[in-house]
Amino acid sequence: MSTPSSTGSLACVGIGITLGSHITPLARSHIEKADVVFAAVSDGVVELWLKEMHPDVRSLQPLYAEGKHRMETYRGMVDAMLTEVRAGKRVCGVFYGHPGIFAWAPHRAIKVAREEGYPAHMEPGISSEDCLYADLGIDPGAAGCLHFETTQFMVYRRNVDPSAWLILWQVGLAGEQTGHRFATGPAYRQVLVDVLARDYPADHEVIIYCAATLPFQSPRMERIPLSQLPLADLTAAETLAVPPARKLEADSEIQARLTALDLVPA
Amino acid sequence: MPSIIKFLERLGTDAQLRHASQEELAKALEESQVDAALGAAIIAHSTSADELYALLGLRPMFHTQENPGPWPLPPGVAGDVVEKEKQKASPAEQAAL
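Which chain is which? The protein sequence lines are B and E, in order. Position 218 (the first sequence) corresponds to 218 in the working numbering; numbering is contiguous. Position 59 (the second sequence) corresponds to 59 in the working numbering; numbering is contiguous.
Think of the hints as simulated: they come from the structure by calculation, not from any bench. The C-beta atom is built at its ideal place from N, Cα and C for all residues, glycine as well. Among the clues, some could well be false.
Claimed, not checked - Selected chain E positions facing chain B (in silico; Cβ < 10 Å):
#1 8
#2 14
#3 42
#4 53
#5 57
#6 60
#7 62
Unchecked claim - Here are some, though not all, of the chain E residues that point toward chain B, as calculated from beta-carbon distances under 8 Å:
#8 13
#9 18
#10 61
Said to hold, decoys possible - Restricting the straight-line Cα-Cα distance to at most 25 Å, the calculated cross-link-like pairs of lysine to any residue (SDA-like) are:
#11 B:89 - B:25
#12 B:111 - B:88
#13 B:51 - E:56
#14 B:247 - B:139
#15 E:6 - B:25
#16 E:6 - E:28
#17 B:51 - E:60
#18 B:68 - E:61
#19 B:51 - E:32
Chain B extracted, bound-state conformation:
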C-alpha cells in the first residue's frame, strides 16, 4: 500500500432492488455524508430518488453505449470514482442491489483505492438473489442451490447437480461472448436449452424471474417448460430458476462412516 496524496475515501454501497424498501440506514448515511455520489442503478426513477438524497449525484449511465465493450464502460466507472478520491473527496459509489454481486467496477475501484492507500470499503445491499428466495419461496438450505452467470455456464463445462436448484443469471444475455451486446436472441437460448437438456427433461418446468424495482410493481414469476425458453420475452434483468429434477441421492458409504463415528465413545 502506498501513502495517499490526499484525504479521499471510497465507499461502495448497495441501494437494494426495490425503491424505498431495501436501502439500509448505513448506505443512506454514506450517500448523505459523501462529497460526491456516483450512481450505477438500473432504473431512471431510482436515479431520481437518489438525486433527492444528495445534491451532487453523477450518473454513470453515459459511460454505456450500444456497441461499446462493457469492460471499457466498467473501467470508466472506476476511473470516474477514483479521480474524485485522488482529489481528496469522500466518494460514495451507489450500485443497485448488492454492490459486490455481478458488479465488476466496485470490486475493482476498492482494490485500486486500497493499493493507493485510500480508505475504501463495501457495504452490502439486498440483492436480486435475496428477493428471489423470498418471492419464489426457495430455501437454499433445503436442497442446495447453484448459481451461475448464464453465458459462463454455457461456455465452460460445469458440474450440474439436478437434485439442487439451478439459478442462471442474466439469461437474456445467454451466449453473449462479444462483450458489447446487451441481449441475445432465441437461437442463443436454444443452445442454452441444449446444454440444460444434458441434465433436465425438455418438459421440465423452469421459472423466469425478475424482482420488483418500483414498489407498485409485482415480481415476474413465469413458469414455462424448458423447451419454451427460446421464445420467451427476456431482458438483461431476468433470471432463470430451474427447480430440482430429481431427489437427493444418498451416499451410503459416507453415511456409514459418520454413523460409525457416532458410535465411538467421546
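Given chain B's structure and the hints, the job is docking chain E onto it.
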C-alpha cells in the same frame, strides 16, 4: 422532493401501502397530490412501469455490470484477465500483452 418520488419512497417503506389494494392506493395518491396521470400509472400495478417512464420522460437504463469472461477484449481495453496474464508473464511477454 417531487411528490411522485416522495410517494414512491413512502410506498416502498410503508408495510400497509406496499401491498395495498387499488382503492387504498388511489386514496393515498389523492392525499399526496400526485399528478393524476402518474397516479393512474401507479394504480395500474403491473410488472411493467413503461407508462410511468413515458410520463416522466425516462428511458430504459443499461444495467449490466459484470464481465465473467475471459472474453476477447478489444485493443486498449484492459481487464482483470489481461492483468492476471501480465502477472504470470515474463517481462518480455508482459510488453506484448
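Q) Taking only the CA atoms, is the gap from residue 247 (chain B) to residue 139 (chain B) under or equal to 25 Å? A) holds, 16 Å
Q) Holds or violated: residue 13 (chain E) as interface residue toward chain B, Cβ cutoff 8 Å? A) Status holds, d = 5 Å.
Q. Does residue 88 (chain B) lie within 25 Å of residue 111 (chain B) when you go C-alpha to C-alpha?
A. OK: residue 111 (chain B) and residue 88 (chain B) at ~17 Å, within 25 Å.
Q | Hint check, residue 57 (chain E) versus chain B [nearest Cβ-Cβ separation less than 10 Å] | A | holds, 9 Å
Q.
Check whether the Cα positions of residue 68 (chain B) and residue 61 (chain E) lie no farther apart than 25 Å.
A. Since the Cα atoms of residue 68 (chain B) and residue 61 (chain E) sit roughly 15 Å apart, the hinted pair holds (cutoff 25 Å).
Q) Measuring from the C-beta of residue 8 (chain E) to each C-beta in chain B, is the shortest one below 10 Å? A) holds, 6 Å
Q: Take a quick look at whether residue 6 (chain E) and residue 25 (chain B) sit within 25 Å of each other, Cα to Cα.
A: holds, 17 Å
Q.
For the restraint on residue 14 (chain E), tell me whether the closest CB of chain B is nearer than 10 Å.
A. Because about 9 Å separates residue 14 (chain E) from the closest Cβ in chain B, which is inside the 10 Å limit, the hint holds.
Q. Holds or violated: residue 61 (chain E) as interface residue toward chain B, Cβ cutoff 8 Å?
A. Residue 61 (chain E) check passes; min Cβ-Cβ to chain B is 6 Å, inside 8 Å.
Q.
Holds or violated: residue 6 (chain E) and residue 28 (chain E), Cα atoms, limit 25 Å.
A. holds, 12 Å
Q) Is the shortest C-beta separation between residue 62 (chain E) and chain B less than 10 Å? A) holds, 4 Å
Q: Verify the proposed pairing of residue 89 (chain B) with residue 25 (chain B), using a straight-line Cα cut of 25 Å.
A: The given pair, whose Cα atoms are some 22 Å apart, holds under the 25 Å limit.
Violated hints for the displayed structure: none, as all numbered hints are satisfied.
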